[in-house]
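So the sequences go chain by chain: A and B. Position 401 of the first sequence, counted from 1, bears residue number 401 in this note's numbering, the numbering being contiguous throughout. Position 436 of the second sequence, counted from 1, bears residue number 924 in this note's numbering, the numbering being contiguous throughout.
Do not rely on the hints blindly, as some may be mistaken.
To be verified - Derived Cβ-Cβ restraints for the label pairs, each shown as a range:
#1 B:A712 / A:E35: 31 to 37 Å
#2 B:H877 / A:R59: 49 to 55 Å
#3 A:E456 / B:G784: 28 to 34 Å
#4 B:T530 / A:A162: 51 to 57 Å
#5 A:G74 / B:A705: 52 to 58 Å
#6 B:P667 / A:A162: 29 to 35 Å
#7 A:P458 / B:S505: 38 to 44 Å
Note that these hints are calculated values from the structure, not bench results. Ideal placement from N, C-alpha and C gives every residue a C-beta, glycine not left out.
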Amino acid sequence: MTIDRTEPLVFDKGLPGHRAVDLPAAGVPEMDVSELLPGTLLRTTPPRLPELAEPQVVRHYTRLSQLNHSVDTGFYPLGSCTMKYNPKINDEMAALPGFAELHPYQALSEVQGILRLMYETEQILLEITGLRRATLQPAAGAHGELTGVLMIKAYHRDHGGAGRDTVIIPDSAHGTNLASAAMAGYRVVEIPSSQRGLIDVEALRRNLSDRTAAVMMTNPNTLGLFEEDVLQISSLAHEAGALCYYDGANLNAIMGKVRPGDMGMDVVHLNLHKTFSTPHGGGGPGAGPVAVSETLSPYLPLPLIARSDGDGAFTLDYDRPLSIGRVKGFYGNVGVIVRAYTYLVRMGADGLTRAAEDAVLSANYLRARLRDLYPVPHEGPCMHEFVSSATTHLAQDVTARDIAKRLLDFGIHPPTIYFPLIVPEALMVEPTETEDLRALDSFIEAMQQIDREAREDPEILRTAPHTTVVGRPDEVEASRHPILRWRA
Amino acid sequence: MHTDDDRRRLLEAVGISSIDELFSSIPPALRRAGLNLPGGLTELETRARVEMLAAADTIPDSSSFLGAGCYRHFVPAAVRALVSRGEFATAYTPYQPEVSQGTLQHIFEFQTCVCELTGLEVANASLYDGPSALAEAAFMALRLTRREEILVSDGLHPEAAQVVDTYAAGPGFPVRRLPLDPQTGVTVSDPAYLSSAIGAVLVQQPNHLGVVEDIAALAEAAHAAGALIVVSVNPSTLGVLEAPGRLGADIVVGDVQVFGSAPSFGGPSAGFLACYTAHVRQIPGRLVGQTTDSEGRRCYTLTLQAREQHIRRAKATSSICSNQTLSALAATIHLALLGPAGLRERSEICLQRAHRLHTALCALPGVRPLVTGPFFHEFALVLPCPAAHFARAMRECGVDPGVPLTRLLLGTNVGLPGAGPAPGDAVSEHVLLVAVTEVNTPEALDRYVTAAREILAVLSPTEDGS
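Extracted from the complex, chain A is given alone in its bound form:
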């Protein structure tokens, strides 16, 4: 018999008339609502929101939380996502009333503390990236990409490059790179990777032209490999009149070791929720600051945080006529920025460098211990992550997905699967620096057992997971007959 441990929807749990929030009386002489607003504007049917008291609400969402895997509950080597531990002090600092209660339109004299924190965060990020000026406004990595590409477009418009309509992107790139370029109105040309898993410089050279607006790259790339030819790549792009975009998703590998600005990059986005330990929140909010070279500084979004020459007070600079404008309301995901700042000042120069070293060391350790069972098609050493190809298991009719699902039974979140697209049956493993040797060894043991099972009892993999609250959802049915909301 199947035991159903799922939780009903909150809408099916209520009882009419219950509520959890008590509110004060208006406390002023009240007018009839129909005297204040025209009747045609008034709601006729109330929204069917849940009706529960506080204990029932708390129990429901606590129970839901228990159905999640998270960094706080277990190993999460999800490649490209840098699921490092999120220190608790970060959350406490973001909740300080001196930050959390601030309204974005308070007088600047009342918000000098938060402006200074944001200014200093920018300065630290500029040192890490080797660039000249930054904005904290974008809400996520892909939002930072869009911002960066829009700036590139504005730059070309002002420099006789309006005919530049193409962005070149390697086939190992994150899908967001292509989508961001397309969203900004660019045509995308994908170039193949070389046998070694690096950008094919000859293919790049062939595709560069006076129509190229930018080359977008990730370094280390999504195979976890450092693009050794990066200086040649940026020189070729610049000689062709194009700019270089750096996707900072993998910055965790290189802090203190090498800087995108020194690689010749003109614009970089960072993911504070990856490299700088802010919680991923189940998919957000994160933050995607963008740092740029001198060339692109005039195009940064409005406003920029500036410091007055005279009294050193922090201000918001709106007097930037070439700015692309805004990509978001107000100044960015400030609560996330406070967490990242807390992490940055606590780690300091040595801590950040050491984080990069340990992240790379741990990835190489897993790679070395697992590569006999899960071959890695590209030569190492890898940086903070590596990509195995589970093609050898196809002989037993076991796929990368089956391996991933079986890992769930070990209490381990699987690696990223089927990405990058250029590796068949890809398993992309990123352990991060916050997992100790014991956690790494447990993962190795689980992967070894799964390999044995693939040969001895493959059915257990094909039907995995066996211990989770539900088994594999019927994705086809979900897509064919979408049910996207509760109905009474």
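Using the hints, position chain B against chain A.
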């Protein structure tokens, strides 16, 4: 991080003798020997450092009347307690549904709440914020109508209008302006502005001057011209105001900051986007759907992903690959705690108190409403002196009286209804936006009126005039 002993063990297993060998693929000319930053701090020292910065800020209280797109509401303790749970906060996008049912189910509940509030059929898992959701909705409407021009009401928050302009500049979609009636402050629904090139009409409810728009009239005009209408709504008003979906809106967007997110200097919060089922394949961002597992148990999963960047790459509906899950969760929990009765009650407190304050302030010498249209919990006043001067003096009396309109207009080319382009014109400088919520007590309203009377007596020009 690893101990030195563990590092040695790991290096040995890798078969190398030093950390530097791991970075040998970086060209020597590029290699750096660390960062030029201060050394690290202990947790205790870190706390002192960050608390020192927080202490430099002024924390708003019940006498703060700032709104203009970010509203201070009472947040029950249960919201933060639940949202802070590590199982929610430290998970990522639910790529593995079997171990992400918590996140998937609360997103499904969020999607349902948004549908119920807006009166539409489908909602996504959330977007970055209200303004970016508006820009995404404009793009979506252009895809659906196969047209290229966007018509934006001058009643949009100027920052939201700016986000639309910035997004539209990429593909080069022309953005036209739809003015406000200078008398009422309501967006005009004049067909003369609706050429056959317009695919998306964007309005805000209530608009940035606080005025409640006539959505039905605007929807009719838009539809007559073959365009879709996108309404950016403050969802906090929807306990009292009619659902935009029932008034003809095709796409409804907004920001759920008003449900459970601290102002936090403007972020993070979550944007939402709702539409009709017929348009779902053009929706940007994540969607969670209900299905069953092999044992027939009800479960949830990300669905209709063929719209998204990781599958479609350059042909995706948007580049967004995340959503603001935790802020959306805060909103869902806050709405579950409020229920329909609590939501309506909260709306009514804001409405009643705002009208009370409006009446009292408009009775002061030299103060008048900017426009005559109906308002909800925010309104625009014309003062007999520059609003920034008034606000500064009021703050010295412990009241933050509202947002000078010129603050919203910084860096924009948006003006006032019937006036020239701001900033810099005399009328704009005298306009103050006042927002009232349940955190502004009746006593705080009295303090506001008393202080305003005294300050205006000092600041107002002695001769009659404004």
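Problem set entry | Beta-carbon spacing of E456 of chain A to G784 of chain B - inside the hinted bounds 28 to 34 Å or not | Holds, at about 30 Å.
Consistency of beta-carbon spacing, A705 of chain B to G74 of chain A, with hint 52 to 58 Å = Given about 55 Å between the Cβ atoms, the range holds.
Inset, instruction - Evaluate the given range 31 to 37 Å for the C-beta pair formed by A712 of chain B and E35 of chain A. - result: 32 Å, holds
Falls inside 49 to 55 Å, the C-beta gap from H877 of chain B to R59 of chain A? 53 Å, holds
Next on the checklist: Against the range 38 to 44 Å, how does the distance between the Cβ atoms of P458 of chain A and S505 of chain B compare: consistent or not?
Outcome noted: 40 Å, holds
Exercise. Has the hinted range 51 to 57 Å been met by the Cβ atoms of T530 of chain B and A162 of chain A?
Worked result: The hint (51 to 57 Å, Cβ to Cβ) holds, given that T530 of chain B and A162 of chain A are roughly 54 Å apart.
Status of the given 29 to 35 Å range, CB of A162 of chain A versus CB of P667 of chain B:
31 Å, holds
Violated hints: none; the structure is consistent with every hint.
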